[in-house]
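S.K.: Turn these sequences into a full structure, and let the hints guide you.
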Amino acid sequence: MRLTGAQVVWEMLAREGVDVVFGLPGGAMLDTYHCLREYDIHHVLVRHEQGAAHAADGYARASGRVGVAIATSGPGATNLVTGIATAMLDSSPIVCITGQVGTSLIGTDAFQEADMTGITLPITKHNYLVTDVDELASIMHEAFYVARSGRPGPVLIDLPKDVQQAKTSCVEPLAEMRLPGYQPAEDVDVELLQRAADLLNSAERPVILAGHGILMSGTAQVLKQLAEKTGAVVAWTLLGKGAFPNSHPLSVGLMGMHGEAFANQAIQEADLLLALGMRFDDRATGTLESYAPKARKIHIDADAAELNKIVTTDVAILGDLSNVLDKLLDTVEPNGHSQWLSLVDSWRKQSRTRDILSKPHNGRLVGPFVIDSLRKETQGDAIVVADVGQHQMWAALYYGQDRPDPLITSGGLGTMGFALPAAIGVQMALPDREVWAVAGDGGFQMTIQELATLVQEDLPVKIALMNNSYLGMVRQWQEMFYEKRYEATYLANPDFIRLVEAYGISARRVADPKDAAAAIAEARRHGGPAFIEFEVAGEGEDGNVYPIVPPGAALHEMVTRPEPCVELAGTREGNR
Amino acid sequence: MSRTLIVLVEDKPGVLARVAGLLRRRAFNIESLTVGRTQEAGISRMTIVVDSDRTEAQKVAQNLLKLVNVIEVEDVTESPLVARNLALVKVQINGGSRAEVMQIVGIFRARVVDVGLDTLMIEATGTEEKVEGLLQLLQAFGIVEMVRGGRVAMVRGAEPQ
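So the sequences go chain by chain: A and B. Going by my numbering, the first sequence opens with residue 27, and the numbers climb by one from there. Going by my numbering, the second sequence opens with residue 24, and the numbers climb by one from there.
Honestly, the hints are just simulated from the structure, not real lab data. Among the hints, erroneous ones may be present.
Short derived list, chain B residues pointing at chain A, Cβ under 7 angstroms [to be verified]:
| no. | residue |
| --- | --- |
| 1 | G44 |
| 2 | L46 |
| 3 | R48 |
| 4 | Q85 |
| 5 | N86 |
| 6 | K89 |
| 7 | V91 |
| 8 | N92 |
| 9 | I94 |
Glycine is no exception: its CB is placed at the ideal position from the N, C-alpha and C atoms.
M.R.: In structure tokens form, the structure reads like this:
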């Protein structure tokens, strides 16, 4: 059997089990698109290639499978770059296939030529320029393997036009991959595991730091057992949200810059940190000089380069958590730590007094209330896809959930505009789940054109826009750290209702807190996509995210809401 | 301080750019980098000398290993090592200085590889110190042109890398 390169692309995608791809065609990709209808693969036509990369990323995070984005050469391919970097920083497995000018034109500054393997070198796990159609099938097979194995990440395949047109009899990958330098699986060092268990057994104030790796390795259940057996409290990173049930008494919630005050206090007072599948990002640690000064540190991660990269550890274990965590569970001794838990609980109660949701309503709609209403209406069962900024932190802090769903958001790169296209990918991956994209008015307008994709695909994604007419997080920093000089952060916005309706999406505006629940309920009842604009407070205490660890400060130096909202006795209880 | 890394890589297009790009991104100053074939087809060997301390070199080694085309990385700085440098030097001479230059070449066990009317080309191999020493002496006569290769290194003994 002889096939063209274009056909090999689809053959291999089908062989990898791909049933949906996200893309936008163009001159250098026409040959590949020409064969699309010969295969049982659904193509989602985005309106900008950045959307394709984010959608593939969202698809990957929601399904655990590799997401696929396709773009043409030159500007089509460079438009993917932000999405590729986003996937790289958050270890999301995507394969991007880009058209390239014909091999004889490469390097001549031909029309729509861009050096994609060069441009994406530092933002891909690996990339390929295919120059021989006979190698295409094997390269595609390798690309999927590299993307999903070990610490996952994006892989780019740059495919010249003449390679797509050329015929080959190599229509299947080689029986054995030739990757002599790539060995993601390593045996776990049992001795190190015993040392980790010894430290854990002798600890009196243990804290587990749960990262993205827990969710990616599917070990949330083992983590729960480990926490319960050892009596350690569990804090999670932004991408580790969902790794541990929120209402569990051992849960202390989000850590870091906008983490719960009591989570950060627990970390700073801990005598042992057990970091699982996380990478001590600067947003999670605050200044390193005074990070968890009393704690011995154990770090378990699938990426050797992360061990001792930021924080020097006492025990560093290389391995996939799915392979390590149950062994550790078997090795540790049961423990209660009731003193430690009651200390943490007293901090928890203290924190709650400054929680804006404990405050009597003053008629103003605030971000945390919107997320809390969403949580109540959906009972924490929706998949939340958050954009980047204040609303993202509120989504992390207030969308409490007990099932191991990820918060799908750009954690590492902090890419505004991520939520809407990513939500499209999430809904494609999980057609039966309720998907809410939560975005701010700034980020929403960065990829707003994907509303058309949403309509064309008739996906029931719900969108909660938090409009404060500002680039809110930047404005908050200006308010707190830059003398309240709101330079270039005020946004003169369009009428979002009319704009969204013009795309053919049902839209509603909420300005009064009393209307929030009903609007959410109505959007949920609606069969197709639906949009709610929440006009939220834009300034001052009601418009800021608390707590906040100021830049350069330690975790315990976080700034909490200036005034307590209630007396200690009257704190709100509930599943946050 | 200088650290010497031996890096085995797949012999494929773009691998040098991947390795150099990673060192650039982590802000490592490359003092020298040599690359060439090995006894095994399809595998190239790099000797990279970077200005770094031990911990930082370990981090860069871990990051190099993450490159799919990199097969093996070893920091050999503290191993018993044979490390060599190559230099080709063209020196200005006149009737009087020729003999003197050739005498110096002899002392350093370097070789004259080309003789012109008023220049000599000298090939020197050895440790950096030896090559540096020779170059310093030759400077007095006037160096017309010079090229140096980077360090190549191999660990002593029977154990292969």
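S.K.: Are the hints correct? Go through all of them and say.
M.R.: Verification of the hints:
1. G44: 5 angstroms, holds
2. L46: At about 11 angstroms, which exceeds the 7 angstroms cut-off, the nearest Cβ of chain A leaves the hint on L46/B violated.
3. R48: 6 angstroms, holds
4. Q85: Constraint on Q85/B satisfied, holds at 4 angstroms.
5. N86: This hint holds: N86/B lies near chain A, its Cβ roughly 5 angstroms from the closest one there, short of 7 angstroms.
6. K89: 6 angstroms, holds
7. V91: Check passed: Cβ of V91/B comes within 4 angstroms of chain A, closer than 7 angstroms.
8. N92: 6 angstroms, holds
9. I94: 4 angstroms, holds
Going through the hint list in order, the structure does not satisfy hint 2, though it satisfies all others.
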